[in-house]
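Q: Chain by chain, the residues run as shown.
There are 2 protein chains.
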Amino acid sequence: MDLVIVGSIGLDDVKTPFGEVKGALGGSGVYASAAASFFLKPGLTGIMGIDMPADHLEILGKFDLEGVERKDKTFHWEGFYEYDMNEAKTINTELNSLASFNPILPESYTKAKFLFLGNTDPDIQLKTLGQMKGKPFIVLDTMNYWISSKRESLAQAISRVNLAVMNEGEARQLMDTPNLVKAGRMLLDMGPEFVVIKKGEHGALLFSLNGFFSAPGYPLEVVKDPTGAGDSFAGGMIGYLAKTGDTSEQNIRKAIIYGSCIASACAEDFSLNYLKNVNLKEIEERYHVFEEIRRF
Amino acid sequence: MDLVIVGSIGLDDVKTPFGEVKGALGGSGVYASAAASFFLKPGLTGIMGIDMPADHLEILGKFDLEGVERKDKTFHWEGFYEYDMNEAKTINTELNSLASFNPILPESYTKAKFLFLGNTDPDIQLKTLGQMKGKPFIVLDTMNYWISSKRESLAQAISRVNLAVMNEGEARQLMDTPNLVKAGRMLLDMGPEFVVIKKGEHGALLFSLNGFFSAPGYPLEVVKDPTGAGDSFAGGMIGYLAKTGDTSEQNIRKAIIYGSCIASACAEDFSLNYLKNVNLKEIEERYHVFEEIRRF
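Sequence lines, in order, name chains A and B.
For what it's worth, the working numbering labels the leading residue of the first sequence as 18, then goes sequentially.
For what it's worth, the working numbering labels the leading residue of the second sequence as 18, then goes sequentially.
Quick caveat, the hints were computed from the structure, so don't treat them as lab data.
Take these hints with a grain of salt, some might be off.
A pair holds if it fits inside one copy or across any two, identical chains being indistinguishable in the list.
[Said to hold, decoys possible] Cut-off 25 Å, straight-line C-alpha distance, at most; resulting in silico cross-link-like pairs (SDA-like, lysine to any residue): (1) 199 with 303; (2) 271 with 166; (3) 199 with 304; (4) 32 with 144; (5) 106 with 198; (6) 199 with 239; (7) 167 with 102; (8) 298 with 33; (9) 199 with 305; (10) 58 with 130; (11) 106 with 186; (12) 199 with 285; (13) 150 with 189; (14) 260 with 70; (15) 199 with 99; (16) 298 with 198; (17) 58 with 151; (18) 88 with 125; (19) 199 with 35.
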């Protein structure tokens with residue numbers, strides 16, 4: 018097992034100006050695993066209900082599921098996006114089985130070289146990384162809810178990972194500054210070697226002790242559903258790192274571009290529909306678009 | 018005369034969380050001319066009062082002022098920026114002499130190879146470009162006020178220029194779409210060969226019939242006063258184009274990066290203070306930073 022991904026497994030009802038889906042497969046762990054799957058087979062750790070439909074189970078079957086517990090009902094999220102597609106508005110959240118999620122990593126997972134802690138309770142992130150043996154390269158994602166409600170646990174978790182990733186609003190909120198460059202440098206001071214700030218359509222920023230990288234956004238004319246794009250970005254990034262086994266800053270730059278390629282494909286359709294139409298060859302074509310659009 | 022710049026000449030009172038200035042030299046024509054001056058001596062066309070202080074006249078003396086009319090009081094703008102520095106809030110605007118501005122280009126200006134129509138009334142922009150002889154390369158800047166109040170004149174002006182530049186909010190407003198890539202392509206349909214969308218800290222996008230370029234933002238930890246950064250960006254861009262005489266897409270990409278270098282220097286201090294401390298060598302150093310932060 019090269020890569021373990023911990024995160025939510027969910028059923029989503031999503032409405033955007035371009036349509037809607039009900040009971041679609043979702044969750045941070047699922048989106049990240051799907052993105053990582055372009056490069057290798059990840060081991061997913063999470064919890065889902067016994068109500069998961071057969072067609073979703075088929076998609077989940079592409080991942081190693083030894084770390085997935087099944088009981089009760091699946092986590093359910095209902096939300097919508099308005100015209101500008103910038104922010105998900107939640108209508109309803111039912112935690113269901115996720116409320117009792119207590120990750121116990123299978124023995125084979127504990128020796129993974131790469132660990133992705135998807136957006137969940139930072140106490141669960143800490144509990145998970147405490148089970149790892151050896152010295153895995155750990156990427157952590159988080160969100161505004163945990164910054165407000167569990168700041169101390171989150172700070173402790175961030176201090177123990179190699180790379181922290183969050184979106185621009187979350188970085189500004191956590192570091193209490195409107196300036197993203199300052200926020201990125203302050204996040205480095207919390208402990209990680211690398212910090213990635215996601216900026217949606219504007220791309221992403223990478224901060225390290227000696228470096229700074231600004232990745233452009235992929236030029237999308239149609240965004241049908243941004244749900245899971247951030248998780249796909251992070252999953253694609255760590256998937257590429259795990260496949261290449263190279264965590265140099267130079268390779269993390271490439272990994273960020275691959276993550277952006279996959280996230281952009283994800284946003285072009287609802288839920289995980291893009292997986293049906295996009296293969297690694299098309300991801301590589303998007304990578305070449307990135308090379309072209311930043312040349313000067 | 019290689020480059021003519023048309024725009025406002027003003028006295029600004031600006032307050033930001035980092036300090037304030039009163040009666041500072043400002044205006045779209047002045048900022049653009051100062052930026053272009055890194056590359057060549059521009060001819061400024063505008064109107065100012067007889068109240069312009071001697072120290073400001075010294076700075077203006079770096080430009081060719083044959084096209085500048087002097088009467089009454091100088092245009093005055095008073096505004097402030099809040100914590101996030103994203104948007105200027107206007108407290109007071111006194112048009113003064115600018116209310117009667119009717120640009121008559123000196124004979125030598127009408128044969129310029131490059132013309133920058135800074136952010137002013139689109140009817141004045143049309144009147145100015147109608148005086149040009151030959152086939153100059155024309156760049157036009159605008160703002161939300163003209164999009165709301167003079168949409169038809171603005172559309173006519175945009176159809177007659179080579180490159181239209183505006184910020185992301187203005188592009189979304191004019192094209193009535195939240196998607197910037199779509200807005201950029203729609204702007205091309207209005208007539209110009211090139212469209213540049215400024216995104217502030219997130220950089221800029223260039224659209225052309227066959228190309229797309231995404232320029233990163235310069236990584237600034239301190240923004241003291243964003244006033245004039247957009248004008249400086251456009252002025253630096255056309256200044257570089259006028260100096261090199263090359264309007265290929267490839268060279269416009271470089272020009273956008275030079276414009277970004279100068280705009281970032283502008284935003285690091287109030288008014289035109291940066292001109293005292295920054296020379297072309299430092300602009301070149303920023304250019305190299307751009308090369309480094311975009312490499313993957």
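Q: Hint compliance check: list the failing hint numbers for this structure, sorted ascending.
A: As far as the earlier hints go, 2, 4, 7, 8, 13 and 14 are violated by this structure, in ascending order.
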